[in-house]
Each structure stands twice: as structure tokens, then as C-alpha cells.
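Trainee: Letter by letter, the chains look like this.
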Amino acid sequence: MAMSDFNLPLSGSWGVRISGISKKYGETQALSNISFHVNKGELFGLIGPDGAGKTTLFRILTTLLLADKGIASVNGLDVVKQYREIRNIAGYMPGKFSLYQDLSVQENLDFFANVFNTSIEENYDLIRDIYIQIEPFKNRKAGKLSGGMKQKLALCCALIHKPLVLFLDEPTTGVDPVSRKEFWEILKRLKQENISILVSTPYMDEATLCDRIALIQSGKILSIATPEQIIKEYPQKLFAIRTENNYHLLKQLRKDPQVNSVYIFGEYLHVTFKDDVPNIEAKEITPSVEDCFIQLME
Amino acid sequence: MIIGLPVIQLLILPWAATFEQRNISLGVIDNDRGAYSRQLIDKVVSSGFFRLTDYSGSYDQALKTIENDKADLILEIPAHFENNFVRHQQTDVMLSVNAVNGQKAGLGAAYLGQIIAEFNQNVIREQGVQLDRINLIQTTPYFKYNKEMNYRNFMVPGILVMLLTLIGGVLSAMNIVKEKEIGTIEQINVTPIPKYIFILAKLIPFIIIGLVLLTIGLFIAWLVYGLFPAGNVLLVYLFAFFYLIAFTGAGLVISTYSNTQQQAMFTAVFFMIIFFLLSGLFTPVSSMPEWVQTVTIFNPLRYFVEVIRLIFMKGSQLTDILPQLGAIIGFGVFFNTWAIVNYKKTG
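Protein chains in written order, with numbering that gives the first Met the number 0: chain R, 0 to 297; chain H, 0 to 346.
Hints were generated in silico from the structure; no laboratory data involved.
Please read all numbers here as calculations on a predicted model, not as lab measurements.
You may find that some hints are simply not true.
Claimed, not checked - Short derived list, chain R residues pointing at chain H, Cβ under 10 angstroms:
| no. | residue |
| --- | --- |
| 1 | 98 |
| 2 | 116 |
| 3 | 153 |
| 4 | 160 |
Even for Gly, the Cβ is constructed at its ideal location relative to N, Cα and C.
If we strip away everything but chain R, and leave its shape as in the complex, we get:
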């Protein structure tokens, strides 16, 4: 997958094309040889823990940072040579809330509409569904909004110029479960507007909501596929075990030479075995993306 991506031409009908991108901060290799693409109108998830390199990749794609090696394009535009054009067609929502906290909701929207030479009215259709949720607070200062509201406002501001590609860096981090769910509903609707979306998240449960996902760890891509495919590719049978004393069981299983891997997963222990037929009776379960991630990390 990664190799075939490498040979694709940069221009063409891709929302985002990344080819062999590497970036080093001093001694730390933040990204090493990253290649993938996002189709037009695709919701692509970048799944990985904190420090995996997600934000670095976003900053390269949004023309805020130059990569050491490799090439990347956004909607067919080169991130280095055509950065000005990209800034007109890309929407970016940084991981940290980056709107003017001392401006009101309405003022922030007006300001960013102005910056992009447009007006709220012009693109109101695109943001209407989100905006009506925050409209009751439109005179409140952005800094005084709740976490979920802030994210909705930030999304509105990122959408105000009708971008073709949307970059969302951990939009749901620190947001309550209900708002998170609403947020993903919004993303699904945006996809129907043919906007290519690259979204990053540390939450594995959100991965299944994406069309395709890339699992990223320590600056390297572990796997790229649809969530279903990634789950299907899980190499072993996975079992969930539970006793009254999970910790004791965990220690016992770690000692067992038959056991391939065992880790705590909520109330259960998830276990895989080296040989396919262990002499115990247990219920087989379907691995989640998180199981896949843990397996790929090893």
C-alpha cells in the first residue's frame, strides 16, 4: 500500500497526497517516510497516541512547517510552491483552541469571513447546521464557551470560506461524549458536500466512523485501510477473559509460554495465544481498532 502510494502522481483527483514525508526536530524523528493519500470527499482518520506526529503532519500540510524530505500536495497544489493557493482552499482547525477568546462568537466568525474575503451569508448553507447550535450564544466571548461549543465555533470558522480540504487536528479531545458524537455527525454531513477531510484523534472508538484510517505511532504509519479491513487483518484469534482478580490472572498469563499477548481492556483481559488451539474454553470476540493498534505496535 505504502509503496504503491509512493509512485502516484502528485496532481490528480486527490484531496491530499503525501509522499515520503520526513521531519526531524533536533534529534527526534517526528515523521519518517510517511506516504498516503486522501480521496476527494473522503473522511480520513489519522489514529495514534499523543506524540505520534499527527500535529507535525498537519502543520506540514497546512503550509505552516516545511518537511525535511518528501513531497505533499493539497487538492493538487504543492505545499511548498503553491502555499498561497492552499491557504485559500484549506480549512484548518488546530488541536489547541485558536480563536480570539476576547471576541464574541459572532465577531470571530465575521473576522475570519473577512480575512477570507467572504461573508457569513455567502456560505451560510455550509455552516448552518453547526451554527444554529451555537447561535444562542453568539454574543458570548469565545473564551467563555464550553469545550464542545468552542470546537463547533472553531469548525464554523474553518468552514467559513467553503474549503475544499478540511484539516481537523484532534477536534474532539477534551470534549464530552455527547458533543463528540454530534461532532462526528457534522463531519459525516460535510463529507456529502464533497469536502475532503483529514481528521486526527487519539480515540480508537472514533476510528470506525472514518472511511479509511491510518494508524500512526512514533512518526511511522503502521497500517492504512478501512476500519473493517484493519479489524479483518487481525492475525490471531482474540479472547476476552474475566475473573474476580484480573491482575492476578494477568500475571499468571504473562508467565504462560503459550500466551502470545495479554493486556487489560476495560473489565476484561484480551488474550491471544501462540498456537491456535489452546485447551481452554473461552468466547472469541471481534477485535476493536484499539486491539489492532496494540497488536501493530509490537
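Fit chain H to the given chain R structure using the hints.
Mentor: Below, chain H without anything else, positioned relative to chain R:
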């Protein structure tokens, strides 16, 4: 706040920033206790510069008052002061000065010396000695452009400059850094706004605030201190305009290099102090060592302090201040270009 605080400064600072020394504590040891010694002490106290805080019997006792900070200066009048003075036409008094506060001590000693010299002349005159034989030279200075040599007349315009510098330099230094800290700069950087527009957008509000403040300051100078520029007031505005551009630019340069407001604040204050001390606001540039004078050429503050005093007191015309105006425009171009170049949008 941005307007109120500088106004308060303008109301308070000129009263504090005077170089005249008043209320110098004086201790006296009068070993003579004659009519002349009393006259001398009266004359010293009535000059208004001194406050008699101690009257000791011995030098040792008087020295203690210096140690306790009760006296800055001790005047010791020897025994047989009057006698020696009248008979031998000659006597000594001793001055002991507490030099912890150098300025106070130096000026105090000088004042006292002057008073004693005057006293001396009066006594000689009283004694009927022929004055032409002693050959006294009396000088009466005439202070041009500031007849009464009023310190406020040249401190108030200087403090106006200081306030504009604070607005232009420190506030602008905080500004971009604040956006960096909060993260709003990321959001701006992904927009198609070119960097010179961004810098310009940062510059203009500070120039407007600065000019509003200048107007308020000029009013205060006029209402409270009765000062009005002898020259054209528009010239002050013209110079202030370019000055604000230059200093806001300098502040923006600082903020493009700093990552936190603390860093920016420290750097700004560091330069401000150097600029203030080397501006001629408090001490004349011409009395600085030569190499320091060379350094002041690179101090934008120096030019404005010079110019505002010229316009206020001497009534200078545009042609008189052209060199300074040229220098300040040069600074403006230099700092703002630096700020734009260093504010890298592409990373």
C-alpha cells in the same frame, strides 16, 4: 487603563523628576555660639534647601546622626569663629557629607558652599573692607529658552516621550507574542493574509493609541503645567507619528523573536531602560563619555527627546529638526523591515 495610567504618570512624574534638591537634612555643631555663627545658620536654613534636623554639641555626636540617616550634611563651626573672622579676616568651617546618595550630597555641599561664600561677602562688606581690593566677580546667569530654569519645563515634554515609547514599544512587543501563546497566530497563518498586511494591522492601532495619548498629554501639559509648544504643535505630531512607527516596529521585532510574553517583557524592559538612560531625558547626552555618546546615535529615544524640547522651548521649525526626523524615519524602515522579514509565515 491604556489611557488612564499614562495620565497618572504625567501628573506625578514631573514633580518627582526634578534635579533640585530640597529638604536636605542638616546637622549643625556650633562651637562658637556667637552672633555670626547664628547668622550663618539662619541664612543656611532660610535658603529653603536645608532642614535643620540636629543641633549637636560635639562632632562625634553629630556623626551618629549621619549614621542614623538623620542628617545628610554636617556643618561644624569652630570655636572662636567670630573672633578669628573679625580679627584675622580668616576662619574655617567644616563640612561633613554623607555621600550614600551622591546627588543629594554633591548638590547639598555645593549649595552650602554658595551660601557660605555669600555670607562671607556680606560680612566683608559689613566690615567696611574696600570691595575693589578683593576683586569680587559676580555672575548672574540668564537662562535662555527657560528663564526660570524650571525643571518641569523640560521634564514634562521628556516624560511625554517616555509614555509614547512605552505604548509603542512594550505593548507592541506583547502583542504578537500573545497571539503565539494563545495559538491564534496558527489560525491567522493558514489564511491567505500576506505578512506585511499582518504587521501593518498590528502597527496601526498602536499608532492611533499613541497619537490619542499624545493629545491628552499635550492637554495635561497645558492645563496642569502651563506648557505649550513654542513651535508648531503639528510638528510634534509629525515627529510622534514616525517615532511611533519606529518604536512599534522595534516592539514587533522583539515579539517575533520571543515565544512567551515573559521573554518579550524582559527584552523590552531591558532595552527600554537602556534607551531611557541614554536618551538625555535624565542626564545630558553631552556629559556622557564619548563612547556612550556614540551608542546614543542608535537610540531613537534620544532624537525625540531632543526634538520635543526644541519644539516646546526653543520653538524650532521643521528645517531645524530635519536631521532627527531623517534618523527616526530610518529607524522606522529598519525595524519594520526586520519585523516583516523575521515574522516567517512559511516556517
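Trainee: For every hint, state whether the structure bears it out.
Mentor: Okay, the hints, checked on the actual structure:
The interface hint given for residue 98(R) is met, as the beta carbon of that residue sits about 7 angstroms from the closest beta carbon of chain H, less than 10 angstroms. Given the 10 angstroms rule on beta carbons, the hint for residue 116(R) holds: about 8 angstroms separates it from the nearest Cβ of chain H. With 10 angstroms as the threshold, the beta carbon of residue 153(R) comes within range of chain H, its nearest partner Cβ sitting at about 8 angstroms, so the hint holds. Using the Cβ-Cβ criterion of 10 angstroms, the hint placing residue 160(R) at the interface with chain H is satisfied: the shortest such distance is roughly 8 angstroms.
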